[in-house]
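Trainee: Could you build the full structure based on these sequences and the hints that come with them?
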Amino acid sequence: MALDSKVPKGPIKDKWTDYKNKINLVNPANKRHIDVIVVGTGLAGGSAAATLAELGYNVKAFAYQDSPRRAHSIAAQGGINAAKNYQGDGDSTYRLFYDTVKGGDYRSREANVYRLAEVSANIIDQCVAQGVPFARDYGGLLDNRSFGGVLVSRTFYAKGQTGQQLLLGAYSAMNRQIARGKIEMFNRHEMLDVVVVDGKARGIIARNLITGEIERHSAHAVVIASGGYGNVYFLSTNAMGSNATAAWKIHKKGAYFANPCFTQIHPTCIPRSGDYQSKLTLMSESLRNDGRIWVPKNMEDVMAIREGRKKPTDLSEDERDYYLERRYPAFGNLVPRDVASRAAKERCDAGYGVNATGEAVYLDFASAIERYGKEQAKIHNIDNPTEAKIYELGKGIVEAKYGNLFQMYEKIVDEDPYKTPMMIYPATHYTMGGVWVDYNLMTTIPGCYCIGEANFSDHGANRLGASALMQGLADGYFVLPYTIGDYLADDIRTGKIPTDSKEFEEAEKAVTDRINFFINNNGTKSVDHFHKRLGKVMWDKVGMARNEQGLKEAMAEIKQIREEFWKDVKVPGNANEMNPELEKAGRVADFLELGELFAKDALMREESCGGHFREESVEESGEQKGEAKRNDKDFAFVAAWEYKGEPADAVLHKEELEFKDIELKQRSYK
Amino acid sequence: MNLTLKIWRQKDSNAKGQMVDYKVTDISEHMSFLEMMDVLNEQLVNTGEEPVAFDHDCREGICGMCSLYINGEAHGPDRGVTTCQLHMRMFKDGDTITIEPWRAAAFPVIKDLVVDRTSFERIQQAGGYISVNTSGNTQDANAIPISKHAADEAMDAATCIGCGACVATCKNSSAMLFVGAKVSQYALLPQGQVEATDRVMNMVKQMDLEGFGNCTNTGACEIECPKGISLENIARMNREFLKANLKG
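Chains as they are written, first to last, in my numbering: chain F, 1 to 670; chain H, 1001 to 1248.
Everything labelled a hint here was simulated from the structure, so no lab data went into it. A hint or two may mislead.
Stated by the list, open to error - Below, in silico cross-link-like pairs of lysine to aspartate or glutamate (DMTMM-like), each with a Cα-Cα straight-line distance of 20 Å or less:
{"id": "1", "chain 1": "H", "residue 1": "1016", "chain 2": "F", "residue 2": "110"}
{"id": "2", "chain 1": "F", "residue 1": "525", "chain 2": "H", "residue 2": "1038"}
{"id": "3", "chain 1": "F", "residue 1": "532", "chain 2": "H", "residue 2": "1042"}
{"id": "4", "chain 1": "F", "residue 1": "525", "chain 2": "H", "residue 2": "1042"}
{"id": "5", "chain 1": "H", "residue 1": "1092", "chain 2": "F", "residue 2": "414"}
{"id": "6", "chain 1": "F", "residue 1": "536", "chain 2": "H", "residue 2": "1078"}
{"id": "7", "chain 1": "F", "residue 1": "395", "chain 2": "H", "residue 2": "1152"}
{"id": "8", "chain 1": "F", "residue 1": "411", "chain 2": "H", "residue 2": "1100"}
{"id": "9", "chain 1": "F", "residue 1": "9", "chain 2": "F", "residue 2": "137"}
{"id": "10", "chain 1": "H", "residue 1": "1148", "chain 2": "F", "residue 2": "110"}
{"id": "11", "chain 1": "F", "residue 1": "401", "chain 2": "H", "residue 2": "1152"}
{"id": "12", "chain 1": "H", "residue 1": "1148", "chain 2": "F", "residue 2": "137"}
Said to hold, decoys possible - Computed footprint of chain F on chain H; a stretch qualifies when at least three of its residues, placed anywhere within it, have a C-beta under 8 Å from a C-beta of chain F:
{"id": "13", "region": "1063-1072"}
{"id": "14", "region": "1090-1104"}
The model shown is predicted, which means the values in this text are computed figures rather than measured ones. In this text, a Cβ means the ideal position worked out from N, Cα and C, and glycines have one as well.
Mentor: Shown next as structure tokens:
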């Protein structure tokens, strides 16, 4: 099937408006005859479910947690971008669009990104109206801060808990619709397959995670909003339950999977400490506004610190290498995530890592505390303040800005980050790849939509900070509610979709057979055993830096682990009860396929791009020497993979990317 | 560290539960409490036993999913943290640790340490929202200035993660800290004023219907709350409730 992105014609700034003026609408009285299933109720799914219900559709929403409020969107810390230009520092829709396309290393779809920038301002208005308590300045107006990869302050925030507050906003909008009876909420349910009838998505098979019951649910359209697949690495910043299953199931039923190898490695995570570790914790990127990143200049100091003979605070200013400020003077500590991550890895690979494993750099707030302290002393007319007073005043400001993050760090690492610099290292965070969708956010299965992190379209090869929340809410509140109407307008006479058709029966049988297989397999190794092995191959060979040989090995090794998994996995307990091991088994089975496709995609892409650093593709001379080398001539396309059984047999379809409004050029943050 | 764990095992909501002893060895002080539970579960799977079911998800203290009553305290002995942020350095080699599910009639046990907190959902559905259309045709966000103080206070209330520690730790199983936090968030913001009367009446009514007890100002909830939600929110809810009743 040829890929049709369905991007409307005309100038980029008019595309969305013109499109909305021309699409088919569903009469309000007819909407109540139409059912929509939404799988996943984080920012994207929650906002979509609430808005579709408000428009009048009957929504059935599914979440694996006990409440939509627990979706992993809740963990996003730093903020949400919007081109409001409240600060008057030169922001505009175009500039947000430009920053996002450039930040994504020119691998996103221009028209989608422009639309995202265009609706961004509405999101803030919407959320404020819902009672989201964004930070305010003393005049009562909204406050902003800056994030990596941009030169303006366009990030709105609610302390370090922006994701939480935005999600609770969407959740409250859902609650209003649940109370009205327009959303039927299925908590503790997991989608295990999509049902396709006459070529259209018409329902899902779900498992009630409390009783184990397998259920059939029908609808006129299915929306997948199931988040990212970062847990393919086992260790990531994702929640433990975050999984690829819903997205992978629709892939196996015909939805193309795009750019799986585009995964973001986030620069500011707490380093890992041991083999027992279950996940990694992110420290918000907003810390880089005030924190300075460094490692010691001299190897003797590195050794002294590792052996505990010296403390980081013992090193004078000129004994420290502020490598981001040195290499990227224009952006300094605020370079984009991929650049900051690679630079940290480069220093640690060169032997300058400051913890026992050699995988950590410092994030230091001493100079920010001093700077703020002096400023506060001036504001409060304190003449000749003592150093202790300056520290106290400065600490107060840093605490007000990032207090919860500092507390979190202290609890995990058992060190006071006000007194000694934090240690950070990159970790897998967000997946830019995902299910391929057209401009309408529809997958290659008619009637099956995919929104938020689960799709691929807006972030290219790298996501700038504070834009995940923006995309989730833009898709859910403002884009999908229009585009889905265009499709559903043909369904007003269809009537209820029956669930006793052979398609539902077959899908249910496949789901039940697989569950029974796990329960009866009686293998010898736990699900986590296989997941950890997969994660190690992924990190070592398909992680921040990759090469041809390693990727080929990874594909073979993942296949081998998958075969062993199906022979030897052990799942205790029964199918007809709450069984967390059984849930995990199904998810890891899917990761074991996705992981191989991920490696295949990385092998095909012979360029360094975004978070994907191909060791064979590096700038060899000039100002950019040593930086990642993108190859626009051969790789300015979206790689959309069609399922053909084994992941190794997946067929590549290319959506050529056109850059008409932004010139393709080398990213420079120097 | 080597530890003895006394854990509540219960097959499902209808079954009778009991405490069962387990031993775990080689526990590092850097592990989180839930990672220690992972070690136990891996051990149980390997010996053919059913692992212990417990709720958890984000493991960074924000989703509110993890629970556990540890040595008689909600989220265990540390202050201001959820169970996923509790570290084993809070315990000593040779300790015996008692692990139970949340205790409250309105939170029935589903399995082992997993309880049903959907009563919280129904309270939110009774009025924990502002009735604004999600159309995007709302006025500019800066059109109604909000004082920094009010915004910060609303944010403090909104920080509640809905974990239920307040209920589990209260001798009356009261949900007033949870409900008070939500009522406060909206009561402090101009956007929440229009429906203030109905909101507090409906949420309090639902809270009573779910079988939560009343507040007797003991303050245990505030102490055990991982997010430091203050008792002031209960006072504010009481004032809002009184006001609403007077308006009638």
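Trainee: Let me make sure I understand: some of the numbered hints might not hold for this structure. Which ones are they, in numerical order?
Mentor: Hints 1, 6, 8, 9, 10 and 14 contradicted; others consistent.
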